[in-house]
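S.K.: Following the hints, position chain P against chain B.
Here the protein sequences line up with chains B and P, keeping their order.
Here the first sequence is numbered in our numbering, starting from 1 and rising by one per residue.
Here the second sequence is numbered in our numbering, starting from 1 and rising by one per residue.
Hints are supplied without guarantee of correctness; some may be wrong.
Listed next, the in silico DSSO-like pairs over lysine-lysine satisfying Cα-Cα at most 27 angstroms (straight line) [to be verified]:
#, chain 1, residue 1, chain 2, residue 2
1, P, Lys446, B, Lys616
2, B, Lys196, P, Lys220
3, B, Lys628, P, Lys446
4, B, Lys30, B, Lys139
5, P, Lys449, B, Lys628
6, B, Lys124, P, Lys446
Quick caveat, the hints were computed from the structure, so don't treat them as lab data.
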Amino acid sequence: MTTETLITWLIPLPPVLAFFLIVLFTNRSKALSHTIAVGGALLSWLGSMYVFWRALGVEHLGEHPFESSINWLPLGDTWLKIGVLVDPLTAVTLFFVAWTVLMIFLYSVGYHNYGQPQGDHDHKGLPPHGATVEEHGHKHVVPSVEPMYSRFFAFIGLFAFGMFVLVVSDNLLTLFVGWEIMGLCSYLLIGFWYAKPSARDAAVKAFMTTRVGDVFMLLGIAYLYSVTGTLSVRTIFSEEILHTLDTIPSGFLGFSTAGLIGLLLFIGTVGKSAQFPLHVWLPDAMEGPTPVSAMIHAATMVSAGVYAVIRMFPLISLDERTMTIVAFIGAFTAIFAATIAVAQNDIKRVLAYSTISQLGFMIAALGIGAYVAAVFHLITHAFFKALLFLGSGSVIHGMEHGVLHTGNHDVDPQDMFNMGGLKSKMPITFWTFLIGGFALSGFPIVTAGFWSKDEIFADAWGHGHTAVFITLAVAAFLTAFYTMRQITLTFFGEPRTKEAEHAQETPWTMTLPLVILAIFAIGYGWFGIPEHFPGLGGLVPNWLHEFVGGTLAEHPEAVVFSWVPLITSLVVALGGLTLGYFFYRDVNSPVEDKLQIGFLKNKYYFDEIYDTVFVKPAYWFAENIVYKFLDQGVIDGILHLFGPGTQGIGDSVRNYFDLPVINRLIGDGSADVTYWFGGKLRAIQTGRIQQYLMLTLIIFVVVGAALYFFVLA
Amino acid sequence: MDFISTHLLSLILFTPAVAALLLLFMPKDEPRLYRWFALGASLVPFVLSLIAWFHFQSGEPGFQFEETYVWYQAIGSSLHLGVDGLSLTMVLLTTLLTPLAILASFSITEKVKAYMMLFLFLEMGMLGVFMSLDLLVFFVFWEVGLVPMYFLINQWGSANRNYASLKFLIYTMGGSLGLLLAIQLLGVLFGTYDLITLYQNWTSLKPNEVLLGMSVQTVKTIAFWAFAIAFAIKIPVWPFHTWLPDAHTEAPTAGSMILAGVLLKLGAYGFLRLILPLYPVEAKVFAGALALLATAAIVFGALASYAQTDFKRLVAYSSVNHMGFVVLGIAAAGLASGTEDATIALNGAILQMFNHGLSAAGMFFLVGVIYERTHTRNLEEFGGLFPLVPVYGGILIFTSMASLGLPGLNGFISEFLVVRGTWPILTGYTVISMLGLLFTGAYILKGIKKVLHGPMNEHWAAARGEHRLTEINTREILVMAPLMVLILWIGIYPAWILDVINKAVVMLF
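Next comes chain B alone, as it looks inside the complex:
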């Protein structure tokens, strides 16, 4: 084992140690708990940076990755091995995961109001409501510290563990372990404020919806394992095994084995990355605290779904039909979610739908074979979307400050129509949010989002996927539009409420992560400028393409430059942004907003449809058919027949045999006969000696005569 692999083994451990330490020992001390958690994240960050840096120095890392494995499960004559693997894909993923995780950990300290007094009437399980303090003789309300502060850090520690496990895994089984641990943490964190019924239900919904995907993924893993006898990705990607998988038909709708396995694994991703039709959980997941939204719904967990598809790309790409399905789901989700985002008023929900849409971009990119573009967008999106979520958290925090100031708790601090004019109140938040928003929109040249999105467009155009290209272009236009709508409603114009007027910039623990993520949201794009880009191309080497492309056995060709995707990308980004600004510059209430269409606002009624078609019938079936009818009715009904049945047999035996034959005929009968004889014979028991003597004489004569005739004669 080399130093690099040893460090890679160790990367996931600090956060999980932090989890156990906090849960078992330090949960009463807030300072100790967050120190341990942030310290754990910092250690993992250091390890990740070291491994990333070492990985950069290796030529042809894709062919000679850092890897090490151990025996885990004894099965028959062989062992199932698990281990770590650092190839270019792992390296770049580690880089952005470590950064975003560390930033989010740090941000959480401020977000949960560390250092503030205990709330006046805060309860565990509910968000803090503020505390009254007396200063210079007059009372005012300030934010209060989260009552379950330590617990939060324990959970996000476990979450980070899951993510790191997933990233460094060299096999699908531990990848799945990390995947599910994140699923658990997502459940725990979405339902962090479990006393809110909405949060509680959202948590269950998230877990169950993703579990639908997970059981398919589990089947896919089992299938892959039975066919290949291994779960290590490097072994699976050997030419021989891939060839086998490609040539054996699966017997299911004409898919090859590779195609069906790929599809099963992809369904797991559909759940985890909230793709249509399993997207419904992610918007509701906004019930969780904002750092959770940033971490789960932007930087890590939803990215994990895409990461898994990228990881299995050599397998999935073998079957054209699976790829078509992947491309379709991705492109459809991209445009579908973008239309919903246009009509949302909750600042976090807009971002939630935006995330679904952007993940659709990546999935679509993979579906058309644009491997590097998908990785590129995955990374840039993680940075700018984490930035946007944390920025929205900062905005909400600022607004909550205003709410506490005015004391009017009816004002929803997340509704963008209650905001406005926050540009001057929260300058750092504004500028960083603007950068994030522009990156999301693909603002040309300066933002990272532009370069990654442009590469997807170029790939789609260059390889003739016109339908995908057009769909994504429209989605990108909508993206720019709703992003500018959000920025305009939130930051520009005049404050629309008293609360917005009293909004305040947040502490450094929250703004520092914003600034750092903003740097990445701009700078990361420079690592992936295409070589033939007019003017800029070739000034900086296209490092990302070279490095990440090396993960695949066959280095993907860079697409030929074409003006069509570039111009499209410029038009949709700038057009969307401009329109968004002018459209919403003067809009001050939902009534004035022409896009508040019921169909979009209600997310095409998917929640209602699923509830009616799946959830309610399932419970009805379980309760009435399985439990009451089958178990209690039929099965127990039959069993309960045995009781009366046996009793019936017993009764019959008694009534028709025992009582009449044994008791009456034999038992009582013999007594009766004896009694009858006795009665008859009683007549001769007179007590007179003369009669007895007479009788004796008669018997003597009779017996004597009988003896004479029968014996002697």
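M.R.: Frame of chain B, contents of chain P only:
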């Protein structure tokens, strides 16, 4: 020391019974004494089985620590004990769970002496089944385990205990009837009940031979079904399962722990020890039917659990769901015995038996903890308890997740292995069983949601006196701690136990 090493199994087996008899002679009205004595007595077999575990040579074929005593010479039956990797795992599970169940029973205040005695006899019955290598002795212990459990439910159970205990007893006895007949049949045919001799002679029977006026085929089929039904009732396989929710729900907490933790495994153990080796042909023919029933158990068990409003019944039905995976693995192994897939499926099935023992015992205990305080199991009356009992809540979520099969905890490993093993053999059933896995999530989350989550429960927060909802106490945490450690340990590094199971499976099947 020498005596211990030569009599290891009989010491493990009879220590509880001797202790139970000693309890009989203890002074009156000393419940504390009975409790501690029973706990101590049940720890002895545990320590001894740990010794057995560490001295066990998992690489060697056949049975180890064998002991034979004359028992019923006239009909060729002897007290023959021995363990292999399969039975040793179950012995360890039994001797581990019994002290925990006794510790969990410290809150019993009525007729403590009788209770503890029954518990110790119960342990002997269960251990005897796992250890005996003689069919008649096997049967005797099989029945010995029934009686104490009947009285435990009947005397210390909750409201509907008469119905439940009767149903449990009659149902299991009904199964035993066939079992006894089939065992007699074998005994008459071969003049011995010794399992090892039977293993050898049984397979050497020629198909055209005539036994007792019937063809070998008929005899085997009859005996197969007699065994199969007896064990299917005990596991229980759908549709023989309805005694389980009643018995589990009405039994006292520790009774449920042992019922779910060990007694259900007796059935699965019977399948593995007797049916698969003795009837490979029949097992193969009827594996499809068995797989169908197993899938029904997985899916319907999960759905029925999801439909419950009684917390304990919800957990009880989860056993049907989880044991379904054991049976599915066994069915796959019956269909394709000897293949690598079958080995993996059996590894999964046996590990699932052990894992379910841990998590189900834990779940029942946790239900008991809250029931003892609130005197209700109705999920509608709970909700919002997390702020009142945070430690309990954490432990409940942990154990629930083990039951749900969360990766990183033990249940996942075994379920994954079963799914992996059965996929190539019984693809369709494996796919359908995923529906059960999905609903496992639904009922577990329902349980957590209905008990812990939601707005703070004012009713229980304000409850005082007998019904006061207090945090889980140290004794109760001590019951849970070993279970939780094992759940996590097997989830992270299962090789220590899976290696023993795997070697046994490779050699046996």
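S.K.: Check each numbered hint from earlier against the structure, then list the numbers of those it violates in ascending order.
M.R.: Going through the list in order, the structure violates hint 2 alone and respects the others.
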